[in-house]
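Residue numbers (numbering that gives the first Met the number 0), protein chains in the order written: chain A, 0 to 233; chain B, 0 to 108.
It cannot be assumed that every hint is accurate.
Stated by the list, open to error - Calculated cross-link-like contacts (lysine-lysine; reagent style PhoX-like; alpha-carbon spacing at most 20 angstroms):
| no. | chain 1 | residue 1 | chain 2 | residue 2 |
| --- | --- | --- | --- | --- |
| 1 | A | 3 | A | 100 |
| 2 | A | 8 | A | 121 |
| 3 | A | 1 | A | 121 |
| 4 | A | 92 | A | 3 |
| 5 | A | 121 | B | 58 |
| 6 | A | 121 | A | 3 |
| 7 | A | 160 | B | 58 |
| 8 | A | 120 | B | 85 |
| 9 | A | 182 | A | 223 |
No lab work stands behind these hints, which were simulated from the structure alone.
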Amino acid sequence: MKTKRKALKAAFSMTIPVMTGYLVLGAGFGILMSSKGLAIGWSVLMSAAVFAGSLQYVSVSILTAAFNPLYALILALMINARHLFYGLSMLEKYAGTGRLKPYLVFGLTDETFSLLVSGTKKDDVDSRWFSFFVTLLGHVYWILGSTIGAFAGAVVRFDTKGLDFVLTALFVVIFLDQWRYGKHHIAAIIGIAATILGLFVFGQTNFMIPSLLLILGLITIFRKTIDKGEGEPQ
Amino acid sequence: MTSLQMFATIALLTVGTVATRSIPFLLFPAHRETPTYIRYLGRVLPRAVIGLLVVYCLKGIAPLEYPYGMPELIAIAVIVALHFWKRNSLLSIGAGTIVYMILVQQVFL
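Extracted from the complex, chain A is given alone in its bound form (with noise of 0.2 angstroms):
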């Protein structure tokens, strides 16, 4: 009990910037759905069932147009494809997570991800449990915020234009973390760079996987130099 509310404690501080910007972000959802004349009940169920930020915006659409079920399936592999660099990456950390493995890998967010892989969890907490923690605090808030949403409908009491941003502000805290901590810096190079070369390339619609593609291949490609620098596996 006593290593489960640690863990909790612990994922629950870890969590605030992701707990901020998933109760605007989800209360945007939530909004949208709304004023598409859609139940609060579908908000609710969406970020319950699918709890994929970028696609459910993208779904609302789809919602509200004619039935076309494989449209959405191919929509969901495309716009969530990344999430196959996190799971590729989650390999060896759920290894051992046993029954929790199912959830864990369901819940796996952008969010979830970034703070899992960043690693400034303290050495006495359990990391499955923490792991679970930061998952389920994550779907909660993104749950709440959608709800909230979409009773408030489009009447919002102060301005939130801008807190979004607290998504970005988290990634790039933990970029700054992982740059000190790395040994050298190609990967994160890569990263940054294959990115905004896609985007110049293909475009705000179609970058994505043109960038996962081109960070696979020079990952690849400097297999030798990275690995040099990288040493043990951690």
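Given the coordinates of chain A, work out where chain B should sit on it, guided by the hints.
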């Protein structure tokens, strides 16, 4: 769309998402030795992917139109400076976000 069609659409969005998150675990199950190349990717990809996420968040910036991405640039500069100075994640994230909100709400109108 009928309610049943809505359920089906949400189910397929879920299936697609779960697929992208679970395929690596299904391809490389824990009880079998993972190939060294895949282990290498697992070790190095996080460093690259966080960079990708930063750019992904900033994809909406139009560098040639007002405000030329200035709010994002300034807020990120604040985060970088503060983070190297104080090394406190919550402080860097909180201050960066507040600076950004002030810039987009009050300064760059």
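Hint check:
1. Using a Cα cut-off of 20 angstroms, the hinted pair residue 3(A) and residue 100(A) holds, with the two alpha carbons roughly 16 angstroms apart.
2. For the given pair, residue 8(A) sits about 12 angstroms from residue 121(A) by alpha-carbon distance, which is consistent with the 20 angstroms threshold.
3. The straight-line distance between the Cα atoms of residue 1(A) and residue 121(A) is roughly 15 angstroms, inside the 20 angstroms bound, and the hint therefore holds.
4. Proposed proximity of residue 92(A) and residue 3(A) is supported: the alpha carbons are some 18 angstroms apart, at most 20 angstroms.
5. A distance of roughly 33 angstroms separates the Cα atoms of residue 121(A) and residue 58(B); the hinted pair therefore is violated under the 20 angstroms criterion.
6. A distance of roughly 14 angstroms separates the Cα atoms of residue 121(A) and residue 3(A); the hinted pair therefore holds under the 20 angstroms criterion.
7. At roughly 17 angstroms between alpha-carbon atoms, residue 160(A) and residue 58(B) fall within 20 angstroms of each other, so this suggested pair holds.
8. Of the supplied pair hints, the one linking residue 120(A) and residue 85(B) holds, its CA atoms being roughly 18 angstroms apart against a limit of 20 angstroms.
9. About 14 angstroms separates the Cα atoms of residue 182(A) and residue 223(A), which keeps this hinted pair within 20 angstroms; it holds.
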